[in-house]
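> Sequence:
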Amino acid sequence: MSPTFFNKENEYQVTRYPATNSRSLKAWNTADEYLLQRLEEYQLSNVSIAIFNDRFGFLSCLLYDFSPIIILNYKSQKKAIIQNATDNLLKISDLRFQNPLDIFSEKINIGIFKIPKSLELFRLQLFQLSQSLADDAVVLGAFMTKYFSPKIITIASEFFENVEQSRAWKKSRLIILQKKKPFRNISITHTIAFEKDIYQQYFGVFSAKNIDYASQFFIQHWMIKKDVQRVLDLASGNGILAKKIKEKNPSYEVHLMDDAYLAIESSRLNLTPEKETNPEKIFFHWNDTMDIFENDFFDLVVSNPPFHFEYETNIEVAIHLFQEVKRCLKNGGQFQLVASRHLNFKTHLEKIFESVLVILENDKFIIYMATDFPSVI
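Count along the sequence shown from 1, add 86, and you get the number used in my numbering.
Just so you know, the hints here were simulated from the structure itself, not pulled from any lab data. One should not assume that every hint holds.
The list that follows gives simulated cross-link-like pairs (lysine to aspartate or glutamate, DMTMM-like), each with its CA atoms no further than 20 Å apart [what the hints assert, rightly or not]:
1) LYS432 / GLU396
2) LYS412 / GLU402
3) LYS416 / GLU440
4) LYS334 / ASP377
5) LYS256 / GLU126
6) LYS164 / ASP377
7) LYS165 / GLU402
8) LYS257 / GLU119
9) LYS265 / ASP221
10) LYS177 / ASP151
11) LYS112 / GLU97
12) LYS282 / GLU360
13) LYS367 / ASP382
14) LYS282 / ASP298
15) LYS334 / GLU281
Beta-carbon label-pair distances, calculated as ranges [claimed, not checked]:
16) ASN107 / TYR397: 16 to 26 Å
17) GLU398 / GLN99: 13 to 23 Å
18) TRP255 / THR277: 39 to 49 Å
19) ARG182 / GLN264: 16 to 26 Å
20) ASN107 / LYS361: 35 to 45 Å
Think of the CB as a built atom: it goes at the ideal place given N, C-alpha and C, for glycine as much as any other residue.
Throw the hints in and build the complete structure from the sequences for me.
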């Protein structure tokens, strides 16, 4: 589909980052366009605007002239917005980014949402926004009609007296939220019991009710060599894999990397200096690529890699990460990962690594070991 969007007298080029080979995937949808239409009813000059869940920067670019605050969920999101702002000749230094746990430094008059798949994330975002809304503020949320859930209305009603739903337009809808309720403090983390520990994670981080079953299977059956020194937990989520690796040998240097800001902040809750031996050997990286690491850097990389992005199923990001793992592994290093059977990652791993073995499998998951030397289990 064309990456060009025409808005009145202006033409915008908005593309996806990372790039995709799928022609059906676009950097925006009609829900974004519906938001722009509705915003024409409001006075946008001299007001403070906050944008949530603008994954590729479509709204950020189209509303650039109004200097919105852009709340970032992902490092890849920031890179996408900067890339598209650059392509549209917008001044990067004027972009106003904010992390999702930061308190706004000004009163917000208009909040703009793409409603996320995780409605717990939606609740966290409304909670953060509600602390800084002007009394007469309006919040607009957009979603594709096929993804509607009554829970959207329920959550919005926790924070606003007036919750209105629009008519459908090109298979999308809006919710319009007004008359904010008095602020009340709520918890924005889940607690999860696993083995002897209690884990915390912020709303919106994958697998809120339990340690996901793929990771549990992985932890039970991975094969860690004794001579490991430096380990990466890739796509680390709440840090469960890194924590279990660290328990095997507190002297390991352990790195955690995730594209999601709330995932990295969750892992900080679970691997705190107070809880860990040798905390100076634990490093957290909010990033979507491994370009921050040198070649031949890790003895071991472990991962439960992502393949869902909102409502999309896409393994392109995972495959690119596999290629980066190869570069960053030391001679003799290992890449161990767990994945759902239906993804057939072995086929893709064999195009990258010399040796790909199955450590163990069950009816749902497979644990792989990939190396660039012959492996024996």
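> Would you mind marking each hint as holding or not holding in the structure?
Now the hints, each set against the structure:
no.	hint	in the structure
1	LYS432 / GLU396	violated (24 Å)
2	LYS412 / GLU402	holds (16 Å)
3	LYS416 / GLU440	holds (14 Å)
4	LYS334 / ASP377	violated (28 Å)
5	LYS256 / GLU126	holds (18 Å)
6	LYS164 / ASP377	holds (16 Å)
7	LYS165 / GLU402	holds (17 Å)
8	LYS257 / GLU119	holds (11 Å)
9	LYS265 / ASP221	holds (7 Å)
10	LYS177 / ASP151	holds (10 Å)
11	LYS112 / GLU97	holds (16 Å)
12	LYS282 / GLU360	holds (16 Å)
13	LYS367 / ASP382	holds (18 Å)
14	LYS282 / ASP298	holds (16 Å)
15	LYS334 / GLU281	holds (15 Å)
16	ASN107 / TYR397: 16 to 26 Å	holds (18 Å)
17	GLU398 / GLN99: 13 to 23 Å	holds (21 Å)
18	TRP255 / THR277: 39 to 49 Å	holds (41 Å)
19	ARG182 / GLN264: 16 to 26 Å	holds (24 Å)
20	ASN107 / LYS361: 35 to 45 Å	holds (42 Å)
Of the hints listed earlier, those the structure fails to meet are numbers 1 and 4, in rising order.
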